[in-house]
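Taken in order, these protein sequences are the chains called A and B.
Be aware that the first sequence starts at 5, since it is given in the numbering used here, and climbs by one per residue.
Be aware that the second sequence starts at 5, since it is given in the numbering used here, and climbs by one per residue.
Note that these hints are calculated values from the structure, not bench results.
Heads up, the beta-carbon is just placed ideally off N, CA and C, and yes, glycines get one too.
Where hints are given, some of them may not hold.
Under the rule of at most 25 Å between Cα atoms (straight-line distance), these lysine to any residue pairs were calculated in the SDA-like manner [as the list claims (entries may be wrong)]: (1) A:124 x B:284; (2) A:124 x B:102; (3) A:257 x B:108.
Examples of chain B residues toward chain A, derived with CB under 8 Å [as the list claims (entries may be wrong)]: (4) 6; (5) 8; (6) 12; (7) 23; (8) 31; (9) 32; (10) 33; (11) 68; (12) 70; (13) 108; (14) 119; (15) 157; (16) 165; (17) 228.
Derived DEER-like restraints, expressed as beta-carbon distance ranges [what the hints assert, rightly or not]: (18) B:80 x A:12: 45 to 53 Å; (19) A:113 x B:230: 43 to 51 Å; (20) B:105 x A:261: 25 to 33 Å; (21) B:127 x A:76: 48 to 56 Å; (22) B:132 x A:204: 38 to 46 Å; (23) A:121 x B:178: 41 to 49 Å; (24) A:196 x B:55: 29 to 37 Å; (25) B:249 x A:77: 39 to 47 Å; (26) A:74 x B:105: 23 to 31 Å; (27) B:166 x A:229: 30 to 38 Å.
2 protein chains.
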Amino acid sequence: MSRIAYVNGRYVPHRQATVSIEDRGLQFADGVYEVTAVRSGQLIDETPHLERLKYSLSELRIAMPLALGALRFVQREIIARNRIADGIVYIQVTRGAARRDHPFPAGASPTLIVTGRNSKPNAAQADSGIAVITVPDIRWQRCDIKSVGLLANVLAKQAAREAGAWEAWFIDREGYITEGSSTNVWMVSQDGELVTRQADHSILNGITRRTIQRLCGDLQLRLVERPISVSEIAQAREAFVTSATSFVMPVVKLNGHELSDGVPGALARRLRAEYLRLADRPKAASRR
Amino acid sequence: MSRIAYVNGRYVPHRQATVSIEDRGLQFADGVYEVTAVRSGQLIDETPHLERLKYSLSELRIAMPLALGALRFVQREIIARNRIADGIVYIQVTRGAARRDHPFPAGASPTLIVTGRNSKPNAAQADSGIAVITVPDIRWQRCDIKSVGLLANVLAKQAAREAGAWEAWFIDREGYITEGSSTNVWMVSQDGELVTRQADHSILNGITRRTIQRLCGDLQLRLVERPISVSEIAQAREAFVTSATSFVMPVVKLNGHELSDGVPGALARRLRAEYLRLADRPKAASRR
Numbered sequence: 005m006s007r008i009a010y011v012n013g014r015y016v017p018h019r020q021a022t023v024s025i026e027d028r029g030l031q032f033a034d035g036v037y038e039v040t041a042v043r044s045g046q047l048i049d050e051t052p053h054l055e056r057l058k059y060s061l062s063e064l065r066i067a068m069p070l071a072l073g074a075l076r077f078v079q080r081e082i083i084a085r086n087r088i089a090d091g092i093v094y095i096q097v098t099r100g101a102a103r104r105d106h107p108f109p110a111g112a113s114p115t116l117i118v119t120g121r122n123s124k125p126n127a128a129q130a131d132s133g134i135a136v137i138t139v140p141d142i143r144w145q146r147c148d149i150k151s152v153g154l155l156a157n158v159l160a161k162q163a164a165r166e167a168g169a170w171e172a173w174f175i176d177r178e179g180y181i182t183e184g185s186s187t188n189v190w191m192v193s194q195d196g197e198l199v200t201r202q203a204d205h206s207i208l209n210g211i212t213r214r215t216i217q218r219l220c221g222d223l224q225l226r227l228v229e230r231p232i233s234v235s236e237i238a239q240a241r242e243a244f245v246t247s248a249t250s251f252v253m254p255v256v257k258l259n260g261h262e263l264s265d266g267v268p269g270a271l272a273r274r275l276r277a278e279y280l281r282l283a284d285r286p287k288a289a290s291r292r
Numbered sequence: 005m006s007r008i009a010y011v012n013g014r015y016v017p018h019r020q021a022t023v024s025i026e027d028r029g030l031q032f033a034d035g036v037y038e039v040t041a042v043r044s045g046q047l048i049d050e051t052p053h054l055e056r057l058k059y060s061l062s063e064l065r066i067a068m069p070l071a072l073g074a075l076r077f078v079q080r081e082i083i084a085r086n087r088i089a090d091g092i093v094y095i096q097v098t099r100g101a102a103r104r105d106h107p108f109p110a111g112a113s114p115t116l117i118v119t120g121r122n123s124k125p126n127a128a129q130a131d132s133g134i135a136v137i138t139v140p141d142i143r144w145q146r147c148d149i150k151s152v153g154l155l156a157n158v159l160a161k162q163a164a165r166e167a168g169a170w171e172a173w174f175i176d177r178e179g180y181i182t183e184g185s186s187t188n189v190w191m192v193s194q195d196g197e198l199v200t201r202q203a204d205h206s207i208l209n210g211i212t213r214r215t216i217q218r219l220c221g222d223l224q225l226r227l228v229e230r231p232i233s234v235s236e237i238a239q240a241r242e243a244f245v246t247s248a249t250s251f252v253m254p255v256v257k258l259n260g261h262e263l264s265d266g267v268p269g270a271l272a273r274r275l276r277a278e279y280l281r282l283a284d285r286p287k288a289a290s291r292r
């Protein structure tokens, strides 16, 4: 079966799906995106992802290309037409195509792309835990906007791969971890506190991050939002990362050194299980 | 006459020229570009622009999509097919199209786009001088790479337009000007020194910047490379910006206040005239 993509109102074969060479997404990274996980054919946290899309667009003063209801419909069509059981739906919106010039163009219509695909489950990886490295955070200072300006993230993820690691954590000028190249970062401190960085302009406020925060409340876990230093996390009881596609992923190695005795931490495993249980609840209840 | 673009080996009508929705330029800003001015049908500083393209690609480990000689040929074809007298040629190279995933994809071929267009001369603007505003420099920390990750530049230029200005200067954390959203920044200090910021990772080392530096040598002007503060340039004898398309552009207003008594400075006007004289020299001599 060949993949089907949605581009500006039309469902087209994925291989033939294109945008103009003067799309501002291509020429200026003038666009934003969302990746939403699909599990058993159902979107996880669909509403918060669409709300964040609205936020990103609003910060850049790009119009929503479709009403939310229509966008929900397109996502379902993409899931159905691509027979997605477990995988992702990807939405990208750019400021549209226009004669190349930096300022916002008058009269351009936003470009809307929606794609989907099945992907392999990452349970085995969660069972063994992942390795991470650290890299300087050289990104721009509006990481709260989920823009497609991801070149620094690409370089960080590539550095991780070449070091035999799965993720790279960005370190700010003060030696604190901001976030991973595609994940938020968490630790369980020696005191048993669950810690993750506060959501400001230096990180993307992850949807999975927020779901886990709510879960912590439900489970009556102590949660603190503050910066985490590299030396502190190296000594932590456990560490893990969260994202829409990795869910909760335990970290067992940092810059080549064992973390959490080299095995996934108990709390990380528990939060992953709880998160997936929540995601697998019947649809009506899980539309948050 | 309809415009013609070059995309991956083919000359196609500009309106129909497209790239894949999974081009990494569109999804990750994983690409670079060059804008070269055309004057009387001739490229200005063609060789340094191609050398800088090679540098940007090399820093990102993207292969040159064509040999330099072939790329020169394509640029000439674009000039001829679009009958460009005075205007620009735009080159963009991305890491290519691949299933979306942050690390460098195995086996993707770089995407090469070359376009061109005529544009209006900016002599009147140079005669009156331009207004600029300042904005915080929130960009990433590898501005020496001419990547398409230009969202911060877009926002800065838009802010300038909305303030009735032509350019926005980025200010670093220490209060120094890094560069403009699409230009390098210069001043003539109260002591008569010509000053521009040193080329490091915080700015793009402009081709026009370098040509002007050489000109300064020829004209035996005192040139200093160091950071310039906002308060210092507000008191300077004169200020100007340089870029491939603005050449040398005098600045007469900064954040609403007159600069250089509100008229283009003598040295800026002289350097502009010398720069254009150099650009208009017969071809064989000007291929630098």
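We went through each hint and held it up to the structure:
1. A:124 x B:284: Outside the cut-off at roughly 60 Å; violated.
2. A:124 x B:102: Between residue 124 (chain A) and residue 102 (chain B) the Cα gap is close to 18 Å, so the pair holds against 25 Å.
3. A:257 x B:108: Holds, at roughly 23 Å.
4. 6: 14 Å, violated
5. 8: 12 Å, violated
6. 12: Hint violated; residue 12 (chain B) Cβ to chain A Cβ min 10 Å, cut 8 Å.
7. 23: Since the shortest Cβ distance to chain A is 6 Å, the answer is holds.
8. 31: 6 Å, holds
9. 32: 4 Å, holds
10. 33: 4 Å, holds
11. 68: With a closest approach of 18 Å, the residue 68 (chain B) hint is violated.
12. 70: With Cβ-Cβ at 17 Å, over 8 Å, it is violated.
13. 108: 5 Å, holds
14. 119: 7 Å, holds
15. 157: Status holds, d = 6 Å.
16. 165: 5 Å, holds
17. 228: Check failed: Cβ of residue 228 (chain B) comes no nearer than 28 Å to chain A, outside 8 Å.
18. B:80 x A:12: 45 to 53 Å: 34 Å, violated
19. A:113 x B:230: 43 to 51 Å: 45 Å, holds
20. B:105 x A:261: 25 to 33 Å: 27 Å, holds
21. B:127 x A:76: 48 to 56 Å: 53 Å, holds
22. B:132 x A:204: 38 to 46 Å: Holds, since residue 132 (chain B) and residue 204 (chain A) (Cβ atoms, about 42 Å apart) stay within the stated range.
23. A:121 x B:178: 41 to 49 Å: Holds, at about 46 Å.
24. A:196 x B:55: 29 to 37 Å: 57 Å, violated
25. B:249 x A:77: 39 to 47 Å: 44 Å, holds
26. A:74 x B:105: 23 to 31 Å: This hint holds: roughly 28 Å between Cβ atoms.
27. B:166 x A:229: 30 to 38 Å: Check passed, 35 Å falls within 30 to 38 Å.
Checked against the numbered hints listed earlier, the structure breaks hints 1, 4, 5, 6, 11, 12, 17, 18, 24; every other hint is satisfied.
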